[in-house]
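Number of protein chains: 2
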Amino acid sequence: MKLKFFTAILTCIIFATSTAAPHRTERTGSASPANVKTLLERLGYPADAKLLIVHADDLGMAHSINMASIKGLESGLVSSASIMIPCSWLPEIAAYARTHPEADLGLHLTLTSEWSLYRWGPVLPKERVSSLLDSSGYLYLTETEAAAHIDPKEAEAEIRAQISRAVALGIQPTHLDSHMGTLYQNQALFETLFRVAHDNKLLIRVSRQWFAAAPFLPSLLGPDDVVMNGIISIEPGVTAEGWSKYYADAIRNLQPGITEMIVHLAYDNEEMRGVAFDHPNWGSEWRQRDFQFVTSDAFRKLLQENNIKLVTWREVAKLMKKSGS
Amino acid sequence: MKLKFFTAILTCIIFATSTAAPHRTERTGSASPANVKTLLERLGYPADAKLLIVHADDLGMAHSINMASIKGLESGLVSSASIMIPCSWLPEIAAYARTHPEADLGLHLTLTSEWSLYRWGPVLPKERVSSLLDSSGYLYLTETEAAAHIDPKEAEAEIRAQISRAVALGIQPTHLDSHMGTLYQNQALFETLFRVAHDNKLLIRVSRQWFAAAPFLPSLLGPDDVVMNGIISIEPGVTAEGWSKYYADAIRNLQPGITEMIVHLAYDNEEMRGVAFDHPNWGSEWRQRDFQFVTSDAFRKLLQENNIKLVTWREVAKLMKKSGS
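In order, the protein sequences belong to chains A and B. Going by this note's numbering, the residue at position 170 of the first sequence is 237; the numbering climbs one at a time, nothing skipped. Going by this note's numbering, the residue at position 108 of the second sequence is 175; the numbering climbs one at a time, nothing skipped.
Each hint should be verified, as a subset may be incorrect.
Copies of the same chain look alike in the list, so a pair counts if it fits in one copy or across any two.
List of simulated lysine-lysine pairs, DSBU-like, C-alpha gap at most 30 Å [to be verified]:
1) K368 to K385
2) K193 to K312
3) K376 to K220
4) K368 to K117
5) K388 to K193
6) K268 to K193
7) K138 to K117
8) K388 to K117
9) K385 to K312
10) K117 to K385
11) K312 to K268
12) K220 to K193
If you are wondering where the hints come from, they were derived from the structure by calculation, not from laboratory data.
Model the full structure from these sequences, guided by the hints.
Next up, the structure:
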């Protein structure tokens, strides 16, 4: 499988392919006979409901990201977020998680360290997970380098350690996803992620639009896994002027089902510019634009006008458990 | 020995006790018969020379600190600085060290992690240095807690690993000192620091004013160790308005010999305020004040008017080696 495949998919805006085949596309992956309701029905919604998880990635990575993401969560327009356990600003967001148990916080499982001058290593001793490290002793800079070198057994040990570390700090993760999509880069890493998620009874970010490129994916899904109808994630190439229009178009075109809108929130300040000085994609101005859009009245109105209901990973997981499988 | 002792000493302004006994006080610690020249004579200066190392601590800890400290070094009024190896902003200052081999950069050996929401662990696997860690798995918050729990053997392994990590990243340290004075907290830790410094042929920050509280100290000094005449380091309790006067008085009162002036430079920005939000001592405004003073024309004039020569640890080490012992 091409290593870049999932990253390309993940960073594209993906709409539901069709509303004409909801039974096929909105069903959870497992084809057990008892599991014939559509996902929306299992969650107690009508078949044409449009549910959206507005999700901030990368919490714990920088103070700027923590502050903007907390502001986003508290605006009510960001419904969920996920935390990077190996980063130095983890204690700040862990303290927030402990004092805000209602916040929908998952883990952004981290196997890369992408900024050239601000970096981190694994949670486990480096000797135990040497395949995760580049020549400077940090996690790899890119998801493709990481996937090309990672021993899946070491990745599994590391992500289990990240979950344990989160729990030890008082974080009760509501879901899992993968920073930079590293764990979506090949079948072995996908299998690792599913095994760890299932063992911990946690939902993970999966989009049914990934099935074409990863035909093995449906076979990995358990009866309680939830497959997103699509993922909205802004792409490099969108101009600053086109930012709001990109999101507005995506929201107006939203199809019934559950969609996840992935945003990267930070303040464009000295710290964030220092982190991303050579990295305009997902950089400081990018994140400030995301922050401005998702906390805007325009976004709130768009959601209302298009009859979109914000949901959290916790709600989805709870409803799935209730509905049985 | 009282654990707080050296911290109290280190954070006080300390002047030379007397110029009447330069042979006793300016001599290096070793009493070998061949070593009868005063320190200033060995360095090739007249007996009344006033040498000052203006030293910025804590590089690598935060982007704000790196930027302000580099600016300080490049102003020519900060002659030296030292780097914290376990911190996430290390790659930024390591890159600077590689491209600025003339910069006088030592290692600020780090056995504490003092900010409540922004933290780091050791360089070595946690399992190997468990006595260095608090219950949350980071280095201790304070030097007294650290010294009360640290196994000196584990401290030694960790500081040797910090030196190795620095060298692997292309840093050629000119000297060693101890973040928050943790390695100056008791005799066993002092011995550890000296052993590691001697093995690596590196000078360490020691002031002869510490001898009264640590009578064992002279016996630890090797023939090439350099003992500072005193240390200037601003204390909690000095008001913002009194900042410049404090330093100006210290500079006007400087005695012949080598003195180290320890400063903590950062910009008072969102990152630094986030780091130090509950910690005004050595906090964000404190560091901004230090930055403003050491890069000011007033400081430059004070040095000129008082006939003070700025020196680096590298120059001192080189001259010591040349002069033999």
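Checked hints:
| no. | hint | verdict |
| --- | --- | --- |
| 1 | K368 to K385 | within (28 Å within a copy, 69 Å between copies) |
| 2 | K193 to K312 | neither (44 Å within a copy, 48 Å between copies) |
| 3 | K376 to K220 | neither (39 Å within a copy, 58 Å between copies) |
| 4 | K368 to K117 | within (15 Å within a copy, 69 Å between copies) |
| 5 | K388 to K193 | neither (37 Å within a copy, 38 Å between copies) |
| 6 | K268 to K193 | both (28 Å within a copy, 28 Å between copies) |
| 7 | K138 to K117 | within (25 Å within a copy, 53 Å between copies) |
| 8 | K388 to K117 | within (20 Å within a copy, 75 Å between copies) |
| 9 | K385 to K312 | neither (34 Å within a copy, 63 Å between copies) |
| 10 | K117 to K385 | within (18 Å within a copy, 72 Å between copies) |
| 11 | K312 to K268 | neither (37 Å within a copy, 62 Å between copies) |
| 12 | K220 to K193 | both (14 Å within a copy, 21 Å between copies) |
Of the hints listed earlier, those the structure fails to meet are numbers 2, 3, 5, 9, 11, in rising order.
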